[in-house]
Amino acid sequence: MQTVFPPNNAVLALLGAPKQTEEALRLTRWCIRLSCDSGTLLYNTLTGELLLLPAAEDTDQNRAVLLQKHFLVPESLDEFARARDFKRILCLMQPKTAVDCFLIYPTTECNARCYYCYEFGRPKMTMSDRTADETADYILRVSGDSSVNITWFGGEPLFNSRAIDRITDRLRRVGKPFRSSMISNGYLFDADLVETAVQSWKLHEIQVPLDGTEAVYNRAKAFQYRDDPSPFRRVMRNISLLLDAGVTVSVRLNLGAENYEDIKSLIGGLDAAFRGRGNLRVYVGMLRDFGTAPQNSVSWEERLRRWVELSAALSESGFRKRFTLKKKPNVFCCMADSDNAVTILPDGSLGRCEHEDLDESVGNIRDGVLDPARVAAWKENVEVADCRECALFPRCRRLKKCAWTKGTCEPLDRALFFRRLEDEILYTYETGGRECQSEDTDDAVC
Amino acid sequence: MKPREGIISSSMGDEFVLVPVGDAAKDIHGIVRLNDTGSFIWKGIEQGLDEQEIARRLTQEYQGVDLDGALAAVRDLVRRLRDAKLVE
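Protein chains in written order, with this note's numbering: chain A, 1 to 446; chain B, 1 to 88.
If you're looking for bench data, these hints aren't it; they were derived computationally from the structure. This structure is a prediction, so every number in the text was calculated from the model and none was measured. Relax, there's no trap hidden among the hints.
Simulated crosslink set (EDC-like; lysine to aspartate or glutamate; CA at most 16 Å straight-line):
no.: 1; chain 1: A; residue 1: Lys406; chain 2: A; residue 2: Glu383
no.: 2; chain 1: A; residue 1: Lys96; chain 2: B; residue 2: Asp23
no.: 3; chain 1: A; residue 1: Lys87; chain 2: B; residue 2: Glu15
no.: 4; chain 1: A; residue 1: Lys321; chain 2: A; residue 2: Glu422
no.: 5; chain 1: A; residue 1: Lys96; chain 2: B; residue 2: Glu5
no.: 6; chain 1: A; residue 1: Lys87; chain 2: B; residue 2: Asp14
no.: 7; chain 1: A; residue 1: Lys379; chain 2: A; residue 2: Glu360
no.: 8; chain 1: B; residue 1: Lys2; chain 2: B; residue 2: Glu51
no.: 9; chain 1: A; residue 1: Lys87; chain 2: A; residue 2: Glu380
no.: 10; chain 1: A; residue 1: Lys19; chain 2: B; residue 2: Asp14
no.: 11; chain 1: A; residue 1: Lys19; chain 2: B; residue 2: Glu15
All chains, full assembly: derive it from the sequences and hints.
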């Protein structure tokens, strides 16, 4: 038996050495088993350790070692209670850090009218010059000596690039180290703006959604530019300009109920246009039901099958980045429960999540956080009955207030989580246990 | 007598652990595990009780423990916790 990927030492220290016992042992419920070319891979979602059990060996031969490594546990051990305590302690152990991730809305206005947009009905606001200046001052005040990551969000952030200019100018003038990423439909870029983005905004990554091939995309996006015969072509040109400028472009293919075949064709088109471009990543994202998109009538099993097939096609094209396991355990779900991140709305309100209602603010850039109770509410985790038996539980964070999950655990979400983790396990094995840089390709970039 | 700032106490399955965080983690390395009696005494320290009162409550909680024996146990653990910089 061989360790492919080591456990996290802090986790081991918390768990302590397993006690010798006369009791019958069983495999931990936090174990994921996968076959590979030389035997069986055993991954412990609690300790983070990955073992390879060669085909010629079995668990009985390695009983003592597997007990020592928390893969075998006494029959009567309440693993769920222990894992729950473990997750809670891990959160408490996190050192207090400065706020260094800012998701900023220069505007909530947008130049597109996507039929699935979850921001329909939100008030339209654009950041004023004064608020932009105050936003920069707030960043300087709360980030201490830290280098800062900014994500430009909206609406369409380029609809108010003036605010981005003002904020980044002010940061640059005082020598504040920062870099930025953006979630944008990409339409408003041109060669000059790409240069400004790279030089002045320190833009290093952008997420651009594509909903289909040319005709499908143009229909789905419904841009306000009636005299432009094909916004799709302009966006493709801009992706090319961004790639040429060295920006990492993450194209999110929005998979809904109706566009599976079209997304397949789109992948072929991207392959023809961009194969070999190392800074282009493409992944499939499921359109979420925020109550605004049409009901998805396709079963979750079929949606999963489509996701797997499209992801395989992206791997074939070299567009899908694979990830290894990470040594650091998941402590937070996302920016909403992290202490180092905050959202800033066009009026200077502070929030926790880019999907929250705008009246959920926790303070403002002038006075700071005014509602600690609301901040604490964003840290509340929720469990469902299935958590008790789910191998993902030690790694899973599910926020009670999350607009995506709404306190539930949908079979599709869980299946996608499993698929991604299984791919990380296999990729870690294939790369000999090397740890690659951690990244999240399915959400805002902070 | 009180727990040092930066010491998290928590159940961890069927165990009770003391975990240093923040500044406390800089000079206390590792995690302390307490047995049932130890965690009972620790909770008394957290409540601000003195050694005598913790010992008296121990005799009520555990049968067959006399006050002298309980006080000796409390003093012994408190001394070790002080040596480990977990209480002040």
